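According to this note's numbering, the stretch in the sequence shown is residues 395 to 946, in order.
Keep in mind the hints are simulated off the structure, nothing from the lab.
In this text the structure is predicted, and so the values were computed from the model without any measurement.
Cβ atoms here follow ideal geometry from the backbone N, Cα and C, with glycine treated the same way.
Simulated restraints on C-beta separations:
{"#": "1", "residue 1": "644", "residue 2": "564", "range": "34 to 40 Å"}
{"#": "2", "residue 1": "724", "residue 2": "687", "range": "18 to 24 Å"}
{"#": "3", "residue 1": "580", "residue 2": "743", "range": "33 to 39 Å"}
{"#": "4", "residue 1": "747", "residue 2": "591", "range": "30 to 36 Å"}
{"#": "5", "residue 1": "591", "residue 2": "439", "range": "51 to 57 Å"}
{"#": "6", "residue 1": "665", "residue 2": "838", "range": "37 to 43 Å"}
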Amino acid sequence: MPTDDSPAPAEAVGPLIRGIGVLRELTEADGRQSPGGLSRATGLARSTVDRVAATLTRMGYLRQIGRDVALTPRLMELGNAYLGATGLPDLLGPHADRLADALDESVSIAVPDRDGIRFIHQATRRRALSLTFRIGDLLPAERTAHGQVFAADWTEEEWAHWRERRAADPQNLRFPAIPPFRQSADFLAEASAVARARGWAVDDQMIEPGLIALVVPVRDSQGRQLCGVSVVSHTSRHSARSLREAVLPTLRETVAAMEYDLRHAPPTEPVQRPADVAGSAAWTEASKQELDRHFVEALARGLTVLTAFGPGRAELPLTAVAEATGLARATARRALITLEHLGYVTAHGREFSLTPRVLDLGFAPLADQPLSRIAEPHLADLAVEAQDSASLSVLTGDDIQYTARIAVRRVMSVNITVGTRFPAFVTSLGRVLLAGLPPAERAARLQRADRNPLTSHTVTDPARLAQLLEAVAQDGYALVDEEVEEGLRSIAVPVRDHTGRVVAAVNVATHAGHRSLAQCREELLPALRTAAARIENDLHTSGRYVRIATAS
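Make the full structure from the sequences, and use the hints.
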């Protein structure tokens, strides 16, 4: 991964530099590493790594998994700040999605990031051979069609930086998202000249055999390239020439529509920042009191500065950054100087803005996590509190399917594994999921469902089931007593995405001898709702600009 080895300015914040170094190493390790491994990779003392990890854990950006530390979805709020500030995914993403549907090919949007390109939106087609890059992944300019169009506008200084990086890493070993490859030193200059003349560029298997892509740049009203839109295919479907012939006219029409929207979109209203304890003096003081010397205050404050930016807050003066974070002007200024040195912030006169490099801070590996992975740590906490097994399920046809489960060892326990399916109408999980559907769809599913009883307690009458589902929709939970198996009780609550749609359900299953129905409501329901709220918070953060897979 390209790094800036220039000396840090005198006012740079050392703890912030070291903390970001740890986050970047965790990102390169795909989101999980041992403290010892981080110490070796960063060259920092183990005690320093432990203090950084404790601070990031306190901020909700890391969690402990056995002897390792792992990135959490909350860290994606930093990348979301950059993506929201640009406005590009919100404004151009729907165009890319419609283009992917029209062409039945994957479509990506990428932005220039110095001498590389970084993906900010993906609309992929699921095939045996399909695009596997993630939002936030960094690729070298010389290996992509995006890089060809961006390099067409490079200054001599940018070319010099690229030559220096390429001389130090001719096989692109610093870019973990792609396989190594040695390329002609003159290729990019020649290809960018052709791209400048044509107004588009093609990648004919430069990243890996079989992968081809066509890119057209998107420009603002001053003619500056903001991003590039690519249509990606495979040689099993197209040659580079046939892809160009098949999609270039439609791609150009889409880019023209994007540029029109960029020119005519009304100014984005600043989104009111939520009251975030991480940015408050009270939270910082409480953290210092709790963790003592293990809390690195300068690191917490520096990362908070990144969250000052967002929709309607693309460029901010120092005063606005200080006000948004609750930091003193001098503290905010030193953090901005440090972040500018590291390449995460750029200055335009007296105003600052985020750069795509912010996506280096864990975004790509976290963007790859399905809902089941997001839910697992919260299910584990729930299982410990409830002292019973906790599960996550989604609706698959007329069944529920378990996608995550934390089992608790007991003499008598429920033997269910991930992938197990049950009829939706008979389970607490299924009733929560069915209750989240529109009434007409809910009724249609009940009519066609297999309602064969599993026990003598199973409710099979459609009218009674309809009443139960309406009650679940009103109450926000479902409690099923011995309808799946004699002696088994379970209680479930919904998990909703940022639009309010029910996408999954969480439950705790218990033996009838362990808890009465009243105890299930009094003891388990509050814990379930807390776990679901935590899952939803992570889902809303990670799903802001990324499509989260609900199935495992």
